[in-house]
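Taken in order, these protein sequences are the chains called A and Y. Taking the numbering used here, I'd label the letters of the first sequence as residues 145 to 520. Taking the numbering used here, I'd label the letters of the second sequence as residues 145 to 520.
There may be inaccurate statements among the hints.
For identical chains, the list gives no copy identity; a pair is met inside one copy or between any two copies.
No more than 20 Å apart at the CA atoms, straight line, and that leaves these computed lysine to any residue pairs for SDA-like [stated by the list, open to error]:
(1) K395 x H154
(2) K348 x M145
(3) K348 x Q368
(4) K187 x G422
(5) K159 x G198
(6) K350 x A247
(7) K348 x G515
(8) K187 x I471
(9) K434 x D264
(10) K187 x S166
(11) K434 x G214
(12) K434 x V263
(13) K251 x E448
(14) K251 x R274
(15) K187 x P452
(16) K187 x E470
(17) K318 x A295
(18) K251 x E344
(19) K434 x R217
(20) K434 x L221
(21) K251 x E347
(22) K251 x K318
(23) K434 x G515
(24) K348 x M244
(25) K159 x P383
(26) K251 x D487
(27) K395 x D385
(28) K187 x T421
Source of the hints: derived by calculation from the structure; they are not laboratory data.
There are 2 protein chains.
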Amino acid sequence: MPDRFSFALHATDGKARTGVISTPRGQIRTPAFMPVGTAATVKAMMPESVAATGADILLGNTYHLMLRPGAERIDRLGGLHRFMNWSGPILTDSGGFQVMSLAELRKLTEEGVTFRSHVDGSRHSLTPERSMEIQKLLGSDIVMCFDECPALPADEAVVARSMRLSMRWAERSKAAFGDRPGHALFGIQQGGVTPELRAESAEKLKEIGFDGYAIGGLAVGEGQEAMFGVLDVAPDMLPEDRPRYLMGVGKPDDIVGAVKRGVDMMDCVLPTRSGRTGQAWTRRGPVAIKNARHADDPRPLDEECACPACRSYSRAYLHHVFRSGEIISSMLLTWHNLQYYQDLMAGMRAAIAAGEFATFEAEFHALRAEGDIERL
Amino acid sequence: MPDRFSFALHATDGKARTGVISTPRGQIRTPAFMPVGTAATVKAMMPESVAATGADILLGNTYHLMLRPGAERIDRLGGLHRFMNWSGPILTDSGGFQVMSLAELRKLTEEGVTFRSHVDGSRHSLTPERSMEIQKLLGSDIVMCFDECPALPADEAVVARSMRLSMRWAERSKAAFGDRPGHALFGIQQGGVTPELRAESAEKLKEIGFDGYAIGGLAVGEGQEAMFGVLDVAPDMLPEDRPRYLMGVGKPDDIVGAVKRGVDMMDCVLPTRSGRTGQAWTRRGPVAIKNARHADDPRPLDEECACPACRSYSRAYLHHVFRSGEIISSMLLTWHNLQYYQDLMAGMRAAIAAGEFATFEAEFHALRAEGDIERL
């Protein structure tokens with residue numbers, strides 16, 4: 145294992161890139177999808193099962209963990225990796241996004257944010273300095289700058305003001321992070337859907353200097369077209385030799401479109417959340433397992449998928465356990481969805497390495513256009 | 145694999161017995177604890193994980209499965225084993241007990257029971273003949289006679305009348321079961337807490353002739369002392385060369401007391417249900433994981449347990465995920481509880497084989513009397 149964080153680009157195909165991020169806790173093959181382990185668990189999954197799907201890295205949520213069980217407690221217990229039994233790399237967000245979406249009685253100042261916990265109403269504050277401290281207590285391998293992220297659509301002046309605040313916070317985050325060999329700090333580009341603001345943000349971040357660069361403030365209501373519009377220009381504003389992480393994205397077609405545009409890392413709750421609400425993602429698009437058409441169907445969800453749900457169970461079984469409210473429904477569908485996402489990433493990595501990304505993309509869309517297998 | 149059902153007694157120690165039931169689908173080491181897979185799933189567990197705890201056989205519930213997804217549907221899908229991905233033996237109950245505890249608008253006649261489903265209000269009937277048909281459609285390896293089971297305490301005349309009805313139903317069950325090599329039919333002794341009624345029931349069952357004999361109508365409110373009172377005499381009324389199955393029992397100390405009195409098989413929802421409500425069973429008694437004393441405790445639930453919950457997680461983690469309502473809490477605590485139950489059975493089998501059951505029992509009670517480990 146290396147003792148420092150590094151990124152090696154192995155191949156490009158158009159703007160699409162494949163490579164490897166090396167950390168003391170393991171390698172991350174890019175493009176990478178990071179399953180979300182909000183409260184120190186990827187919901188309904190054992191961590192060894194998450195690893196079995198091909199995930200190299202998990203995302204943990206600073207906001208949730210600081211409230212429950214608490215960052216100092218996790219530190220006393222040996223850090224987040226040991227606490228949740230995941231030995232690979234962990235990226236933690238800064239808490240900024242979720243304070244804005246989940247906390248109560250938020251108050252935003254130049255200094256940071258004060259708020260009340262959505263769990264028990266207790267008072268807390270988050271600043272760039274405290275966010276860095278919490279992420280250090282958690283033992284995060286990839287730390288995110290503390291930022292503010294407005295929902296879209298928003299007035300351009302609001303977006304600009306927010307972006308500039310985030311850039312001042314990025315500077316404070318860098319100073320507070322200090323020098324931690326083996327751990328990485330990522331800056332977060334903001335600026336909504338306005339290219340000039342995105343460029344200003346990127347310049348400021350590069351001036352500060354980070355180990356990786358995230359594209360933030362997307363997938364917040366702007367729609368895929370607007371998001372791809374930003375992604376047509378934003379990655380090129382960021383250093384080529386650093387990983388680019390698109391935060392909170394997304395659906396499979398969002399992911400393929402983002403990788404095509406030069407994104408290296410992504411995360412989203414969609415595969416796990418869908419797994420609990422009975423939606424399966426397959427090569428032929430989404431499948432609603434509660435639909436009565438599956439009740440007598442002896443076929444697997446996806447014949448070519450190697451996950452336990454597809455290898456050992458029929459659609460009829462998955463339908464039955466979902467309808468019956470059985471926990472194994474969440475377990476199996478989550479596993480399948482994470483497997484589908486990881487297989488998608490592996491397929492893209494291989495296609496980029498082979499210079500066949502365009503073919504991969506065409507086949508991806510063609511299969512989805514066919515829709516689910518014919519009902520029996 | 146043998147092509148017939150058989151039972152071989154390997155050793156006895158006092159009244160306690162150890163042996164092996166052989167079926168075409170695998171061997172069942174006795175005394176055996178059967179995890180309950182009510183709706184074609186042992187709740188919160190993958191079937192391969194259930195097998196990993198040492199379980200040789202599962203129990204399926206006729207009442208639940210006939211209502212959802214339906215016995216004919218499971219048959220069309222290849223039977224319950226394939227449906228739920230469990231290749232080992234399955235015992236199914238007859239549906240009689242749960243009709244009485246769960247169904248609505250029950251009507252009991254000599255013929256059988258009509259009722260409305262608790263799931264969707266649909267009308268159904270169960271008779272000895274239909275129960276045998278359903279259990280055959282499910283593909284059950286060990287089929288139970290259709291019986292009626294009054295809650296205790298009950299008037300002796302009521303218990304006697306009910307027992308005699310169950311004996312007439314046992315005769316009809318045997319006739320309807322027919323000749324099915326490789327599959328077993330078990331009779332169910334009734335008679336409440338009255339030795340004379342238990343004896344009358346046993347004589348009738350032996351006259352009909354079964355592959356195994358269950359002790360029914362216990363663990364229905366009579367208390368441990370009364371139950372042990374019945375178990376002091378009931379097993380001896382049943383053939384020595386056939387397995388004896390105590391239905392719906394129980395807590396760890398119930399199980400040890402039952403094995404001591406000559407019982408070979410048991411089932412109970414307790415380890416799985418407790419797993420979902422945050423109660424862990426350990427060698428030192430029950431542990432309520434939600435208790436604040438565990439919040440900072442880095443120690444495992446039970447140092448000597450080999451289950452994933454004990455091997456890879458702290459009490460602090462289990463406390464956190466239970467408090468947070470995370471699915472992994474049910475997954476880990478259920479796994480632990482099933483492991484504890486199977487380890488208990490394995491310990492008793494070894495002790496009986498070594499002629500050391502009394503020592504085992506004394507140590508079992510001594511460790512429990514110590515209570516949970518000291519708080520940190």
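Results for each hint:
With identical chains, the CA atoms of K395 and H154 are never at most 20 Å apart, being 26 Å at best within one copy and 59 Å at best between copies. Taking the closest pair of Cα atoms, K348 and M145 never come within 20 Å of each other, the shortest separation being 32 Å inside a single copy and 72 Å across copies. Taking the shortest alpha-carbon separations for K348 and Q368, neither the intra-copy value of 26 Å nor the inter-copy value of 73 Å comes in at or below 20 Å. Proximity of K187 to G422 under the C-alpha cut-off of 20 Å is found in both arrangements, the shortest distances being 14 Å within a copy and 17 Å between copies.
For a Cα distance limit of 20 Å, the shortest separation of K159 from G198 qualifies neither inside one copy, at 24 Å, nor across copies, at 53 Å. Taking the closest pair of Cα atoms, K350 and A247 never come within 20 Å of each other, the shortest separation being 31 Å inside a single copy and 68 Å across copies. In this assembly of identical chains, K348 and G515 lie within 20 Å of each other by CA distance neither inside one copy nor across copies; the values are 45 Å within and 61 Å between. Taking the shortest alpha-carbon separations for K187 and I471, both the intra-copy value of 11 Å and the inter-copy value of 6 Å come in at or below 20 Å.
Taking the closest pair of Cα atoms, K434 and D264 come within 20 Å of each other only across two copies (16 Å); inside a single copy the shortest separation is 34 Å, beyond that limit. Within a single copy, K187 and S166 get their C-alpha atoms no closer than 26 Å, and across copies no closer than 39 Å, so neither meets the 20 Å cut-off. With identical chains, the CA atoms of K434 and G214 are at most 20 Å apart between copies only, with a shortest distance of 16 Å across copies and 37 Å within one. For the homomeric pair K434 and V263, the shortest alpha-carbon distance between copies (16 Å) is at most 20 Å, but the shortest distance inside one copy (31 Å) is not.
Proximity of K251 and E448 under a CA criterion of 20 Å is satisfied in neither setting, with 50 Å inside one chain copy and 49 Å between copies. With identical chains, the CA atoms of K251 and R274 are at most 20 Å apart within one copy only, with a shortest distance of 16 Å there and 66 Å across copies. Proximity of K187 to P452 under the C-alpha cut-off of 20 Å is found in both arrangements, the shortest distances being 17 Å within a copy and 17 Å between copies. Taking CA atoms no more than 20 Å apart as the test, K187 paired with E470 passes in both settings, with 15 Å inside one copy and 7 Å between copies.
Proximity of K318 and A295 under a CA criterion of 20 Å is satisfied in neither setting, with 25 Å inside one chain copy and 69 Å between copies. In this assembly of identical chains, the alpha carbons of K251 and E344 never lie at most 20 Å apart, being 26 Å within a copy and 77 Å across copies at closest. Taking the shortest Cα distances, K434 and R217 sit within 20 Å of each other only across copies (16 Å), while inside one copy they are farther apart (40 Å). Only between protomers do K434 and L221 lie at most 20 Å apart by alpha-carbon distance; the minimum there is 18 Å, versus 41 Å within a single protomer.
In this homomeric assembly, K251 and E347 never come within 20 Å of each other (Cα to Cα): the closest approach is 28 Å inside a single copy and 79 Å across copies. With identical chains, the CA atoms of K251 and K318 are never at most 20 Å apart, being 23 Å at best within one copy and 74 Å at best between copies. When the C-alpha separation of K434 and G515 is checked against a cutoff of 20 Å, the pair qualifies only within one copy, where the shortest distance is 17 Å, while the shortest distance between copies is 46 Å. For the homomeric pair K348 and M244, neither the shortest alpha-carbon distance inside one copy (23 Å) nor that between copies (72 Å) is at most 20 Å.
For a Cα distance limit of 20 Å, the shortest separation of K159 from P383 inside one copy, 13 Å, qualifies, whereas the shortest one across copies, 77 Å, does not. With identical chains, the CA atoms of K251 and D487 are never at most 20 Å apart, being 42 Å at best within one copy and 54 Å at best between copies. In this homomeric assembly, K395 and D385 never come within 20 Å of each other (Cα to Cα): the closest approach is 26 Å inside a single copy and 61 Å across copies. With identical chains, the CA atoms of K187 and T421 are at most 20 Å apart both within one copy (12 Å) and between copies (17 Å).
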